[in-house]
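Protein chains in written order, with the working numbering: chain Z, 1 to 353; chain D, 1 to 353.
Derived by calculation from the structure, the hints in this document are not laboratory data.
Where chains are identical, the list cannot tell them apart; a pair therefore holds if satisfied intra-copy or between any two copies.
When the alpha-carbon atoms are kept at most 27 Å apart in a straight line, the in silico DSSO-like pairs for lysine-lysine are as follows:
hint: 1; residue 1: 289; residue 2: 348
hint: 2; residue 1: 345; residue 2: 281
hint: 3; residue 1: 129; residue 2: 251
hint: 4; residue 1: 179; residue 2: 330
hint: 5; residue 1: 307; residue 2: 338
hint: 6; residue 1: 345; residue 2: 279
hint: 7; residue 1: 289; residue 2: 345
hint: 8; residue 1: 338; residue 2: 281
hint: 9; residue 1: 351; residue 2: 307
hint: 10; residue 1: 199; residue 2: 230
hint: 11; residue 1: 207; residue 2: 167
hint: 12; residue 1: 207; residue 2: 251
hint: 13; residue 1: 348; residue 2: 307
hint: 14; residue 1: 348; residue 2: 338
Bear in mind that the values here come from a model prediction, so they are computed numbers and not experimental data.
Protein chains: 2
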Amino acid sequence: MAGGIGSRFWPMSRTAHPKQFLDILGTGRSLLQQTFDRVLKICPADQIYVVTNESYIDLVKNQLPEISIDQILGEPLRRNTAPCIAYATYKIAISNPNANIMVAPSDHVIADDIAFEKAIVLAMDFTEKNDSLVTLGIHPSRPDTGYGYIQYVDKPVDNSDSLFKVKTFTEKPNLDMAKFFLSSGDFLWNAGIFVWSLKSIRAAFEKYLPEMHTLFTEGSENFGTKNEAKFIKNTYALCTNISIDYGIMEKADNVFVLPSEFGWSDLGTWGSLYDHTTKDKNDNAIVGKNVMMYDSMNNIVNVPANKLVVLQGLDGYIVVQSDDLLLVCKKEDEQQIKTYVNDVKLNKGDKWV
Amino acid sequence: MAGGIGSRFWPMSRTAHPKQFLDILGTGRSLLQQTFDRVLKICPADQIYVVTNESYIDLVKNQLPEISIDQILGEPLRRNTAPCIAYATYKIAISNPNANIMVAPSDHVIADDIAFEKAIVLAMDFTEKNDSLVTLGIHPSRPDTGYGYIQYVDKPVDNSDSLFKVKTFTEKPNLDMAKFFLSSGDFLWNAGIFVWSLKSIRAAFEKYLPEMHTLFTEGSENFGTKNEAKFIKNTYALCTNISIDYGIMEKADNVFVLPSEFGWSDLGTWGSLYDHTTKDKNDNAIVGKNVMMYDSMNNIVNVPANKLVVLQGLDGYIVVQSDDLLLVCKKEDEQQIKTYVNDVKLNKGDKWV
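Looking at chain Z on its own, in the form it has when it is part of the complex (with noise of 0.2 Å):
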């Protein structure tokens, strides 16, 4: 999944080149490549499949040339993910109408890839025997409210050590709350990382969402053919905007959780990026060839190589700059990002967003 805007990491992240096709931690590939990287251990490049919004299409073809045109799905509208999932199920479905499926957003990262391999055989290997949909939750390591939990029955599966339960899902909770799930024990962070088979997913969308298997069965005749572009544009039209989780995941009675630790996070906000970045001595975590920082300490910045940049007095600030647009803004108060985002759009037009 490759369709999202990533405005929270406004301005690094535009609505022309999102979080996902971005080199965010400096590693010479984008967190797709990254992701493609991952997949590519565990699946065949000509089976990995990427939904995008159509406007990413060509971003998409210059970052990944290893799979061809007809594996990127292009949206014509965001819809959420649940048509996201639909429409690479029932296409995958024509081809492969047995496949076994592992589902996953482009723009996290995982430190340990070899983990991430091992969980996900594994929970393919239960898919493949069992009638089920897995979700892959992470422990958490902080009452973080940005997340959805899960929480789950504390005893695995008769036919699996690694598999339990899913007692309920919730979405993401107020701070009393998320700390009272870090105490327990008892709930994991969903990360949006799904598998199952396709027989499951699919009669899982007739079962929960019933329209929306209509829609994309009723046309299936037109994939792989010149008339899918015009088809998926009319059915998106139809189609609910809908995530998996609220769905089908909050309301099977199949549903299973493969507690996992692989260094993962959705990068979801500067904070998490700050995690995940090495810091100098003043817990600076810096991004930038030509960044002098004076009595300045736990900022984030993240600048182009190409710029010159001198700070001083800041505690605790996310500085970034991209292309012509800057942004100063307190670390504990990120959240309001997507506000300013929002602020900008509204006042100064979409060129900035």
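We have chain Z already, so just place chain D on it with the hints.
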């Protein structure tokens, strides 16, 4: 005088394009052009001379097409104000030995041009009739430690009711001293604007800076010839690096001050610019077309019109963007900017300063 490099205004002011050449107040005219416009009300264009570093001659030519190249005096080295004033003085002496002269920096701001004109005409009238060196003194409005102070005898001289004998010149004082000067009432800021007849200043050079007098007198046949630049190059290499205040004004006994009020500022610091700019309702002084502020007050923001800047959670900061440079610095620490510029030069090279 237009030879300064304005390092305290970095990064807006750069060595290659210093403060006097910038439209720092957003009026449409640079400080040099504003100074020219002001002087033009007192003196015809063909009697206005600009002394500047030779590397800025083209900048002056472009900004002041009204004057001829012979009126732009290029300094090969920075040697403070005494050699700068000597150069202009001894050159003017060739064509106009009876000249009455006003000397002014080109990077100050003067809000009330009419009051300025009146003061200069009054001073020139005095210097025409009396062998005297007149300096303009500004009634201090705060205990500023960045200026020199002039103490004066509180009874006007016999043949004028506006001019006062100077008792002492004082170098930049510490804060306690500056507070005392302010409260005593008989101290003025030294604005660095001088009026004198050519004969009087020449006599003063002869008496107090005799080597400099000899250097400029002995080669005076070179003025206005193709050898002028070479002559000046040799002469400057031999000149002492000294200010006119220290070299002459503090020593001469025919020095008078004209206490003045014309909305003067040397714009020596971002703080003084802040005082001369209109503020928004949160006391932010903003130059820039696309600046959005949240939870921010008492800041100076100076960014190009084509940059979008979002600032949040800043109180009392200077935020300046210029080309490929960014400075964020506490207003109260702006005296450190010179240090940062030196560090930049040492660590990152000349291209950034």
